[in-house]
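Participant: Those protein sequences? They're chains A and B, same order as listed.
Following the working numbering, the residues of the first sequence are numbered contiguously, the last one being 408.
Following the working numbering, the residues of the second sequence are numbered contiguously, the last one being 173.
Be aware that a few hints might be false.
Claimed, not checked - Straight line, CA to CA, 25 Å or less: simulated BS3-like cross-link-like pairs of lysine-lysine: (1) A/LYS116 <-> A/LYS106; (2) A/LYS90 <-> A/LYS102; (3) B/LYS164 <-> B/LYS89; (4) A/LYS90 <-> A/LYS65; (5) A/LYS185 <-> B/LYS26; (6) A/LYS116 <-> B/LYS26; (7) B/LYS164 <-> A/LYS385.
Stated by the list, open to error - Far from chain B, some chain A residues (derived; all Cβ distances over 12 Å): (8) TRP54; (9) ILE68; (10) ASP108; (11) TRP180; (12) SER226; (13) GLY242; (14) ASP277; (15) ILE348; (16) TRP384; (17) LEU395.
Source of the hints: derived by calculation from the structure; they are not laboratory data.
For glycine and all other residues, C-beta sits at the position ideal for the given N, C-alpha and C.
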Amino acid sequence: MFDFYFELPLLLRLLLQGTVVILALFPLAAACSMAERKISAWIQGRPGPNRTKPPIAGFLAPLGLVASIPVLGTLLQKFGIFQLAADGGKFTFKEDPVPGHVNKFYFILAPIASMIPALSTVAFVPFGAYFNAADELVPVALAHVDVGLLAVFALGSLGVYSLILAGWASNSKYPFLGGVRASAQLISYELSMTLSVLPVFLWVNAPGGQGTLSLFDVVQSQSQPGFWGGTWYVMTMPVSAFIFLIALFAETNRQPFDMPESEADLVGGFHTEYGAFKWSLFFVAEYAHMIVGSGIFCLLFLGGWNPLPWVSLADTIHALAHILPCVATPLFMALIAIGIFLGKVGFFIFFFMWVRWTLPRFRYDQVMTLGWKKLLPLSIANLIVYALGIAWLQTR
Amino acid sequence: MSDLLFHLFALLVVACALGVVFNKNAVASALCFLLSLVGVAGLFVLLDAFLLAVLLVLVYAGAVVALFLFIIMLLDMQGGDRKRFTKSTILSSTVAAGLLVTGLVSFATHGLVETADPATVKIVGSSLRAYAEQLFTVYLLPVQIVGFLLLIAMLGVIVLSKKFEGLEDVK
Numbered sequence: 013m014f015d016f017y018f019e020l021p022l023l024l025r026l027l028l029q030g031t032v033v034i035l036a037l038f039p040l041a042a043a044c045s046m047a048e049r050k051i052s053a054w055i056q057g058r059p060g061p062n063r064t065k066p067p068i069a070g071f072l073a074p075l076g077l078v079a080s081i082p083v084l085g086t087l088l089q090k091f092g093i094f095q096l097a098a099d100g101g102k103f104t105f106k107e108d109p110v111p112g113h114v115n116k117f118y119f120i121l122a123p124i125a126s127m128i129p130a131l132s133t134v135a136f137v138p139f140g141a142y143f144n145a146a147d148e149l150v151p152v153a154l155a156h157v158d159v160g161l162l163a164v165f166a167l168g169s170l171g172v173y174s175l176i177l178a179g180w181a182s183n184s185k186y187p188f189l190g191g192v193r194a195s196a197q198l199i200s201y202e203l204s205m206t207l208s209v210l211p212v213f214l215w216v217n218a219p220g221g222q223g224t225l226s227l228f229d230v231v232q233s234q235s236q237p238g239f240w241g242g243t244w245y246v247m248t249m250p251v252s253a254f255i256f257l258i259a260l261f262a263e264t265n266r267q268p269f270d271m272p273e274s275e276a277d278l279v280g281g282f283h284t285e286y287g288a289f290k291w292s293l294f295f296v297a298e299y300a301h302m303i304v305g306s307g308i309f310c311l312l313f314l315g316g317w318n319p320l321p322w323v324s325l326a327d328t329i330h331a332l333a334h335i336l337p338c339v340a341t342p343l344f345m346a347l348i349a350i351g352i353f354l355g356k357v358g359f360f361i362f363f364f365m366w367v368r369w370t371l372p373r374f375r376y377d378q379v380m381t382l383g384w385k386k387l388l389p390l391s392i393a394n395l396i397v398y399a400l401g402i403a404w405l406q407t408r
Numbered sequence: 003m004s005d006l007l008f009h010l011f012a013l014l015v016v017a018c019a020l021g022v023v024f025n026k027n028a029v030a031s032a033l034c035f036l037l038s039l040v041g042v043a044g045l046f047v048l049l050d051a052f053l054l055a056v057l058l059v060l061v062y063a064g065a066v067v068a069l070f071l072f073i074i075m076l077l078d079m080q081g082g083d084r085k086r087f088t089k090s091t092i093l094s095s096t097v098a099a100g101l102l103v104t105g106l107v108s109f110a111t112h113g114l115v116e117t118a119d120p121a122t123v124k125i126v127g128s129s130l131r132a133y134a135e136q137l138f139t140v141y142l143l144p145v146q147i148v149g150f151l152l153l154i155a156m157l158g159v160i161v162l163s164k165k166f167e168g169l170e171d172v173k
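Working from the sequences, and respecting the hints, build out all of it.
Facilitator: Structure, rendered in structure tokens:
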């Protein structure tokens, strides 16, 4: 069915795949901003954006026609979908002035630099799997490499430069403080984050294996038959998952760790001087980081695309194929896997927002104390305990 | 294809390295260093040393340069006025450059370095397992020594930069 696609040159295919993933990630990140507004509204007991409706006449006629469909139109209006479209239009067409006192080159470079790591980390994240003709599980990913997780960490760690640059190039006090805070905070929490995932890879790389850091293999090791084979790592390594989640909040600058922007004391932090499209690029990048980070968490600790603990994707597909034979085709199976994976990621996006509108923000010294004096020792202790435990278990 | 990429990355590395030296703005220098490191990582990828490339980006580009920028911004370093060259600096730098060029030329023309046949060299950097095995067996001592040197450097910085006036027990 897809033979014609595989006959295309490799470079063109990779280009097409990359474009498709970016075209999916970009609107998803934009939709997160609307989800944030609706969820914050529900948590605070207000309706949130629910009035915007495009007119039927004029150049917005296609949107207006959708809005005038009896039940669906009202529902979309209630969920604020048209507000999202209006926001997008506003950010695109608004005048985008560059303040006179900024360092122009770096001021314009910063939002661009924020998008590059945010959209390129996704290349190493597998988001589904399917059976090929030989009945082997094949990951759906742009790049299936041996160093998967390290590559994600490496590219993700470049995201800090956009914040530093934005803060510095703005050439005014509050953005500058935001940039300095960002550089210190992101480096501090990167340590705990990297240390917290090591137990997972110690367990996956049992002696005699080939040795891998690939995220696909981590999911594979959570979908083995038997009780211990099907357990998700969040159950066997809860402390690792906990540290990773906290560090993820800090790495994506989400409340209660949003020190670099911290409206209460820094006006808007690193993006105080930004407006219109450049400002929205920062936000899309932040949400893209959140999506990729949640995806990594799901792959490492929540079984990736396996629907439930002890129920692997392969079992589900085999069971479903008895009822609906078409499910076993690669396309359907990949779609189901991606759907399960995105469902988990969606829950974590909700969790991020839930926490943001529930907890108050830390002070900066509290953030540093938590990172260096509590989280880092805890992650080192966790690593040592698990290293000893795994060594004992695997030599028995 | 890979030849073209090699030339692109090599050009990036050299141009950015020159940028580090010749930029008057410290932040711009640090960013040039960052780009230069990314170029070196690209060269590693062309050599199939993926782990090394990723580690270079993760450790140096991701953390060390960010720390550089943090320090530059915290101390608010400006370029400032440069000291004018004195006769002794001109003389000594000419001699040093001459020695360097002579050394490089003699090494290139009369060097007695045995280069093994590329076909027989075992590739150890490409797979994670092979890399780790080499690191923990053949190169264990050098790695430990380098780590110890870094520790000494760090202790030295702490001792040199911190004022121990109020502390009796440290003396």
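Participant: A separate judgement is required for each hint: does it hold in the structure or not?
Facilitator: Each hint, compared with the structure:
1. A/LYS116 <-> A/LYS106: holds (19 Å)
2. A/LYS90 <-> A/LYS102: holds (20 Å)
3. B/LYS164 <-> B/LYS89: Not satisfied, since the Cα-Cα distance of roughly 36 Å exceeds 25 Å.
4. A/LYS90 <-> A/LYS65: Between A/LYS90 and A/LYS65 the Cα gap is close to 10 Å, so the pair holds against 25 Å.
5. A/LYS185 <-> B/LYS26: Status holds; Cα separation ~23 Å.
6. A/LYS116 <-> B/LYS26: Holds, at roughly 17 Å.
7. B/LYS164 <-> A/LYS385: Holds, at about 22 Å.
8. TRP54: Correct as stated: the minimum Cβ-Cβ distance to chain B is 37 Å, above 12 Å.
9. ILE68: The assertion about A/ILE68 holds, with a minimum of 50 Å to chain B.
10. ASP108: Non-interface label stands for A/ASP108: nearest chain B Cβ at 23 Å, farther than 12 Å.
11. TRP180: Given that some Cβ of chain B is not farther than 12 Å from that of A/TRP180, nearest at about 6 Å, it is violated.
12. SER226: Check fails; 9 Å does not lie beyond 12 Å.
13. GLY242: At about 26 Å from chain B, A/GLY242 clears the 12 Å cut-off, so the statement holds.
14. ASP277: holds (18 Å)
15. ILE348: holds (31 Å)
16. TRP384: Its Cβ never comes within 12 Å of chain B, the nearest being 14 Å, so this holds.
17. LEU395: Label holds. Min Cβ-Cβ 17 Å, cutoff 12 Å.
Taken one by one, the earlier hints fail for this structure at numbers 3, 11 and 12, listed in ascending order.
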